[in-house]
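**Student:** The chain contents come next:
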Amino acid sequence: MQQKELLPHLFRTEYRKIIAVLVRHFGFEQLTLAEDIASDTFLIAAETWGLKGLPENPVAWLYTVAKNKARDQVKRNSVFKQKVRPAMITDERSLPETDIDLSDENIKDSQLQMMFAIADPVLSLESQTALILRILCGFGIDEIADAFLTNKETIHKRLGRAKEKLRLAKIKIRLPATPEINQGVDAVLTSLYLLFNEGYYSSCRNTVLRKDFCLEAMRLTLLLVENGQTNTAGAEALFALMCFHASRFDARTDENGEIIRYDEQNVALWNEELIAKGHYYLNKSSRGKELSRYHIEAAIAYWHTIKNDNSEKWENILQLYNQLLCVIYSPVTALNRTYAISKINGKQAAIQEAEQLGLTNNHLYHVLLGYLYTGSDQEKAVRHLKTALQLAKTERERILIRKDIINLEI
Amino acid sequence: MNEFLLIFRREYKTAVAQPSPEELQNMMKAWQNWMGSIAARNKLANSGNRLSEEGKVVKPGSVVTNGPYVEMKEAIGGYIIIRADSMEEAAEISKGCPILGVGGNVEVRTIVPMEP
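In order, the protein sequence lines correspond to chains E and B. Under the working numbering, think of the first position of the first sequence as 1, with each following residue one higher. Under the working numbering, think of the first position of the second sequence as 1, with each following residue one higher.
So that you can see chain B by itself, here it is in the shape it has in the complex:
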């Protein structure tokens, strides 16, 4: 079984209408249920983190720009690590991710094991 990094992206700058408290509540529930369903299969390797919107990008020559999304259309909003038998299975699991419902996407990457 391999580990896969799921990276959640969505455009923070698009002025999505401020969700109502009920919508926020539902959004939270959807995330918890999705994470729970992965964990219930014992496939959650690391519950990851959510990233805050502000950030800096450091480039050669002491160039520091504000915010990773100045040049990237979509910023990384968070990540988790899951276990799956194959890339196909990891992608299948990702189809349930609530970020897809708010115009975001999930990037699935295989983590290279230390002992191949």
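This is chain E alone, in the form it adopts within the complex:
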């Protein structure tokens, strides 16, 4: 009975480690081979443990099987080469090193290097996220499909194309050289930030899965932060941002997985430990002159962890949104800025700002105006919410908007 819980757990923690080490060992062009070996290892484990019971040390057992399979593979490969291309092999020593190193250190290094390889600009951000989820986090194809609100087939194709591109581009598994490392780190950060947001803002109803995505993004970001070569101020700021956001994880969804908005959350559920951790890394990230978008966003997230709804809090948030918009525009930031204005100067002032945003095709714009008109013009508020209902893209959002309309009409 015990195996039933153990195998999924081990798959989640060990599959990705075996892949990372194998890929580092064999090179990216052998990614499929690495996946085959890892998958086969787990298949053998399921059968063997099912028949004979659990080994004393299941992890070590998995590693041994994976190593043996990898060694067999190399042998088979060399036999193939000897038969087909005998001229190629001139010396026994030209065979690749067969000792697969599954030490903690090598696992960490391999995963770190893989992140850099996957974040290569030859891949679209969407493909990067899917690949990270699959081979660095060990999520199942069906889980990834759920999160992206699509089917398994699409994810299979996306992963296949991504692997092919990496193979053709001959992407190497290694850390970039020192002059380029910051640029490389930035690419990885973009990818990890997207992964985190995929979990945090996904319309998928599976809250456990979404939380797992966020935790995985945090685990990978921490790998960067804890490595002396990759711990840039931007990486630390991003990690702080993730901690602050994640601190509200338990407060922002109800038992059915529906979203609870910020001002309706039970602040007692905010996680103090994560807030403190975010604080620590935000301070650490402020050591130099670098001010990345993650610094600004982490500072905004920090102010959101302040429970007291005073004007100082919203004044600071507004200024940070101003700053963030000057660095990088996004409609959501523009709308959030307007919400901050309503907190400081009242809803009327915010309505004036909102109307200049030119976002009338955005459902969140109408949700915001619905909120801003509530109390002064119920009719207009309802009209905006009904427009929002038509423009909303997911059922999850529509449920939330319908609730708002019902509350207004009572």
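The hints are simulated quantities; they were obtained by calculation from the structure and are not laboratory data. Among these hints, one or two may not hold up.
[Stated by the list, open to error] Now the stretches of chain B that chain E is said to cover, found in silico as 3 or more residues with beta-carbon under 8 Å: (1) 50-57; (2) 100-113.
[Stated by the list, open to error] From the structure, some residues in chain E lie toward chain B, with a derived Cβ separation under 10 Å: (3) Leu168; (4) Tyr321; (5) Asn322; (6) Tyr329; (7) Thr333; (8) Glu353; (9) Thr387.
Just so it is clear, the structure is predicted and the values come from calculations on it, not from any experiment. In this text, a Cβ means the ideal position worked out from N, Cα and C, and glycines have one as well.
Given the coordinates of chain E, assemble chain B onto it according to the supplied hints.
**Tutor:** Just chain B now, with coordinates in the frame of chain E:
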């Protein structure tokens, strides 16, 4: 959509009474809010720069004069670039510029696109 250069001018030499720290704070906030409101409409093309007061003007014949404002009554204090549908819209946006509150003005110029 065109791009427009907004040039901020005011007289640096007029002895405006030294603002209090609170006034300075408010001034800064006003600038941030104005810039933020342009950026929130996705119309900030370049957040530009603020120029320091000292400068030199170089003229033909190796004539170098100190400070651009020796002959110009109003010196350029800074600039940003915005996006707008028309000159009218760009001018409308400029009406919110905080420099107008301290006796300055905004010059709005259309940037000639490379590919007309």
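**Student:** Take the hints in turn and mark each one as holding or not.
**Tutor:** Consistency of the hints with the structure:
no.: 1; hint: 50-57; result: violated (count 0)
no.: 2; hint: 100-113; result: violated (count 0)
no.: 3; hint: Leu168; result: violated (34 Å)
no.: 4; hint: Tyr321; result: holds (6 Å)
no.: 5; hint: Asn322; result: holds (3 Å)
no.: 6; hint: Tyr329; result: holds (5 Å)
no.: 7; hint: Thr333; result: holds (8 Å)
no.: 8; hint: Glu353; result: holds (6 Å)
no.: 9; hint: Thr387; result: violated (20 Å)
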